[in-house]
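The numbers in the sequence shown follow numbering that gives the first Met the number 0, run straight up by one, and end at 402.
You may find that some hints are simply not true.
Cβ-Cβ distance ranges computed for the label pairs, FRET-style [claimed, not checked]:
no. : residue 1 : residue 2 : range
1   : I87       : M320      : 37 to 43 Å
2   : M171      : I342      : 37 to 43 Å
3   : P159      : A255      : 32 to 38 Å
4   : A255      : N195      : 27 to 33 Å
5   : G66       : G38       : 35 to 41 Å
6   : G66       : A170      : 17 to 23 Å
7   : D322      : H400      : 21 to 27 Å
8   : K265      : N201      : 16 to 22 Å
9   : M171      : L27       : 37 to 43 Å
The hints are simulated quantities; they were obtained by calculation from the structure and are not laboratory data.
The C-beta atom is built at its ideal place from N, Cα and C for all residues, glycine as well.
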Amino acid sequence: MATTELKPRWGQPLTGIISFFSFLGVALATWFLLSDPRGPVQWFPYPFVMYLAMMILVGLFQHMLLGDWPFQNFPQPVRGIIQTLLNITLVWFIIDVVFYRVLGTGLNFLSYYGLDAIGQKGLYAQVAIVGFVLIGFYTFPVSTIFFGKWPIQPSNIPQPAGGVAEIAWGAMLTLFFYVVLIVPFFGFLFKGPVLNASWWTNIGGTPHVHWVFGWWEWAIIILFMTANVWRMKPWSLINLPQPWKGFVSVAISFIAAYMIAIFCKKIVYLWVPPETFAHLEATKGAAEVQRFLWLHSAEIAGFTLIPFLIWHHYFDDMSPMSDPDSWNAFFFRTLGVLVLTAISYWIFYYGNFGHWALGNHHMTDLSHRFPHGESLVWNFWWIIPLLFNEWFFHKWPFYVHEH
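Produce the entire structure from the sequences given, and follow the hints as far as they go.
Now the structure itself:
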């Protein structure tokens with residue numbers, strides 16, 4: 000069979016523009032049906048935060064680790080439809096069976112039903128699962144992006160064994176970081192003698208798990224911008240064999256993520272109204288202000304998702320430079336992502352997109368919008384149509400195969 004190359008159906012930037020508004024339309028329509036407080040189902044923000052997160056993680060397993068096995072040779076759009084339906088089924092099974100009814104029998108904070116039975120909020124189980132997925136967003140793909148699939152590849156292991164081996168390796172890393180960074184929050188929450196409480200309270204100024212969210216989300220953004228608009232820069236400068244190149248890349252990404260999170264915490268005072276902080280401190284204390292700042296750092300990171308993913312996958316890393324892999328193109332796209340992030344942030348909060356488009360009734364006057372915006376939910380919601388179209392539908396119908 001002759002090799003083919005994917006080409007934008009209508010050229011660029013028209014293909015990217017059509018793709019952007021198509022995904023926006025799908026996201027808004029499904030949001031109204033399932034999550035909007037004005038819609039028929041009204042599941043906002045939980046449990047869809049949990050389902051959204053798990054859908055992306057399971058999609059990553061299906062595409063990045065298993066290579067779309069066993070549907071990789073199916074024609075489109077059949078392949079995409081099957082993989083999407085399979086994703087939804089697997090997500091339900093993993094949450095409602097694996098977490099709630101199996102793992103939750105040993106760790107009650109992982110079971111909605113277990114917590115409900117002892118008079119605790121089942122919502123905490125959903126937070127626990129979101130925390131697992133948050134960690135997994137980094138620990139599962141990091142072996143592909145920073146380690147070049149080491150230690151599973153290079154090898155002659157066929158699918159699905161190769162993908163299962165990568166999932167198992169990623170699960171070990173995820174469990175390690177989950178125990179260190181997520182479980183202590185539940186020790187703090189339930190105040191028992193078995194689970195240690197949040198060890199980071201004095202470091203972050205809050206015992207809340209949002210301290211982890213605040214910098215870990217930036218580590219995820221750095222990881223995925225590497226594989227997208229950065230086209231593996233700047234890590235291509237590290238001339239070391241694996242796994243040392245991967246270890247150095249991980250260390251630098253963690254340090255950079257924490258520094259960016261601290262920077263975000265400092266600069267939000269420039270535009271978030273003073274009344275926001277005064278209200279938080281007056282009602283819940285100084286620790287609540289710190290919790291908000293860490294979470295809002297993660298929310299700022301979330302606004303980069305749409306710009307860098309659509310730019311890479313559907314605008315083909317366009318830049319004025321003839322060489323898309325040049326350093327000039329790298330800096331152009333990086334600056335462009337930051338500008339588009341700021342514009343998206345302004346539209347969501349100052350333009351009050353979260354209220355008139357998404358129905359978030361908490362977003363009333365400006366000072367109350369920031370602590371209750373739930374922008375991460377929307378940003379993840381929007382990227383699911385984009386990612387599933389790229390992963391499962393191979394960009395059909397926006398791109399065509401050209402011999």
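Is the distance from the Cβ of I87 to the Cβ of M320 consistent with 37 to 43 Å? holds, 41 Å
If you check the beta carbons of M171 and I342, does the distance land in 37 to 43 Å? Between M171 and I342, where Cβ atoms are some 40 Å apart, the hint holds.
CB of K265 to CB of N201, is that within 16 to 22 Å? Given range 16 to 22 Å: holds, Cβ gap about 19 Å.
Given the hint of 37 to 43 Å, is the C-beta distance from M171 to L27 inside that range or not? At 39 Å between Cβs, range holds.
For the hint 32 to 38 Å, verify it against the beta carbon of P159 and that of A255. holds, 35 Å
Holds or violated: 27 to 33 Å for the Cβ distance of A255 and N195? Taking Cβ atoms as reference, A255 and N195 lie about 28 Å apart, which means the hint holds.
For G66 and A170, compare the CB-CB distance with the range 17 to 23 Å and indicate the outcome. holds, 18 Å
How does the Cβ-Cβ distance of D322 and H400 compare with 21 to 27 Å: does it lie in that range? holds, 25 Å
Is it true that the C-beta distance of G66 to G38 lies inside 35 to 41 Å, as the hint says? holds, 36 Å
The structure shown violates none of the earlier numbered hints.
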